[in-house]
Amino acid sequence: MNAMSALPALSTLPPTRSADLDLVRIRAEFPILRQKIHGKPLVYLDNAASVQKPRAVIDAIGECYGGYYANIHRGVHLLSERSTVAYEGAREKARAFLNAASVQEIIFTRNTTESINLVASSFGGSVVKAGDQIVITGMEHHSNIVPWQLLCERTGAVLKVAPFTDAGELILEEYERLLDSGRVKLAAFVHLSNALGTINPVKPMIDLAHARGIPVLVDGAQSVPHLAVDVQALDCDFYAFSSHKIYGPSGVGVLYGKQALLEAMPPYQGGGDMIRLVTFEKTEYADLPNKFEAGTPSIAEVIGLGAALDWLTAIGLDAVAAHEHELLEYATARLQEIPGLNIMGTARDKAALAAFTLQGVHPHDIGTILDREGVAIRAGHHCAQPVMQRYGVPATARASFAVYNTRDEVDALVKSLWKVKELFE
Amino acid sequence: MSDLRDLYQEVILDHNKRPRNFRILPQSTHKADGVNPLCGDRISVYLDVEDGVIKDIAFQGAGCAISSASASLMTEALKGKPVAEVEHLFEAFHNVVTTDCECPRGLGKLSVLAGVREYPSRVKCATLAWHAVRAALERHTEPVATE
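As they're listed, the protein sequences go chains Z and D.
Per the numbering used here, residue 1 is the first one in the first sequence, and the count goes up by one each step.
Per the numbering used here, residue 1001 is the first one in the second sequence, and the count goes up by one each step.
Hints were generated in silico from the structure; no laboratory data involved.
Treat the hints with caution; some may be incorrect.
List time: in silico BS3-like cross-link candidates among lysine-lysine, alpha-carbon distance up to 27 Å [what the hints assert, rightly or not]:
id : chain 1 : residue 1 : chain 2 : residue 2
1  : D       : Lys1081   : D       : Lys1017
2  : Z       : Lys36     : Z       : Lys415
3  : D       : Lys1081   : D       : Lys1031
4  : D       : Lys1079   : D       : Lys1055
5  : Z       : Lys203    : Z       : Lys185
6  : D       : Lys1031   : D       : Lys1017
7  : Z       : Lys419    : D       : Lys1017
8  : D       : Lys1081   : Z       : Lys421
9  : Z       : Lys160    : Z       : Lys258
10 : Z       : Lys415    : D       : Lys1055
11 : Z       : Lys421    : D       : Lys1055
12 : D       : Lys1079   : D       : Lys1109
Working from the sequences, and respecting the hints, build out all of it.
Structure, rendered in structure tokens:
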């Protein structure tokens, strides 16, 4: 018997084992997954909206509040020092996670949306003038559309949208053509589409913009939990993500920005912590990153994000990506067995989610029926109404995967979709 | 499955598949759009009112089974009714889909939507068409939202 034949084929692996992950152990770290919903085991497939939290993150927040919590950056007492060390420790973890050059390039915000608004307001407000252009793609989340529309309204600039194919792939030539107008001041685009699952070719997109001297913001809300990101290798100018989508608590976001750009930008909000000296005549601003962190931040939550990044790094994003890819392939094949089910978003480079419609059944009805089977999915426009308009549907159902999901859970999803058909036929 | 049948009753599934009065009324006296910003569902209602009576009523739009069936059942319930009764009916219907009240007799077929009360996130689906009718009669020009 040769060595190869001793290995089980992927399809014969026990459903709770993945190639490189011990899913039983991983799932045991998520207390919330143990419960039943309407009497059925919870199958949580709404991870693109927000992901569940491992014990390490829940404990880190509890230890902060229960053991050493105080306000940061100002107290001379021990608790304040300990909180400051933990808070700044999380900044270093975020730096390492993105491979940024310096902790001064890591700004804590409330979420991806606030990170993008910070750039639109501070960078955009000082650089963009009437007649200038901002380029985005047709597959953006509202959070990477509306801040730019507001900027355009304020300045008289124009928003340009690069289209994508029926499969959900960006048309690179069209994107490049938009960059060629000579008036583009920023390109802002999503790394991994929350509505389609498409992974955009961000490196070539960044290079195309830079070749024309155009800075780039990447919306990484969906990508960071699923694939390794190296901001220096990408050479992006800004990268934004949210803690709550990467196993950390809600209420925290990260904005990476190149130091030279951040230094040249005016503050986003004024207040405490972002100043060096205040008189009624004039205020000197603090250095990076504090210049962009006005007021008391979400201290315990930032520390929780640090714990989440440690936890995910220990598992390894490569193993996570391999497991989720296997789940996506299995789910795609199983979903296609269902007559009348149409998967929206079939890009060659795709991650972690399946958005679909089912003939004759509105996604909201699918969502309600699946919930009664214990299966949590998202139904709606996924804060990406232009994507829905592109395909001419009011909404889709979306199953999105995380590291703790199993093939058993894909089976539960498919089984409950057959129940939907049974009820509606 | 049995509790789902309480929500998705045969009458509802039937009205979803074959909505009644699903058309545009070209000579309507009142018209309004309703949108549910939460899900993007959109509905237009048309009324032809003469001497304070709803002579004809129709709707168009795309929505879930609950909102489509509710709109369809509503058009059947309101056709021929005096405008003055609409508000009273809406109030009674709203109670039925949000509280554990006994269904009042006057609601007729509309009471099949009572199962919605067990699904708080779906109440807006059931009331979207009613909000639109109310807006049409108040002559709102902006789309009315459930939020």
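Quick rundown of the hints versus the structure:
no. : hint                     : result
1   : D:Lys1081 with D:Lys1017 : holds (25 Å)
2   : Z:Lys36 with Z:Lys415    : holds (17 Å)
3   : D:Lys1081 with D:Lys1031 : holds (17 Å)
4   : D:Lys1079 with D:Lys1055 : holds (6 Å)
5   : Z:Lys203 with Z:Lys185   : holds (18 Å)
6   : D:Lys1031 with D:Lys1017 : holds (24 Å)
7   : Z:Lys419 with D:Lys1017  : holds (18 Å)
8   : D:Lys1081 with Z:Lys421  : violated (37 Å)
9   : Z:Lys160 with Z:Lys258   : holds (24 Å)
10  : Z:Lys415 with D:Lys1055  : violated (47 Å)
11  : Z:Lys421 with D:Lys1055  : violated (38 Å)
12  : D:Lys1079 with D:Lys1109 : holds (14 Å)
Checked against the numbered hints listed earlier, the structure breaks hints 8, 10, 11; every other hint is satisfied.
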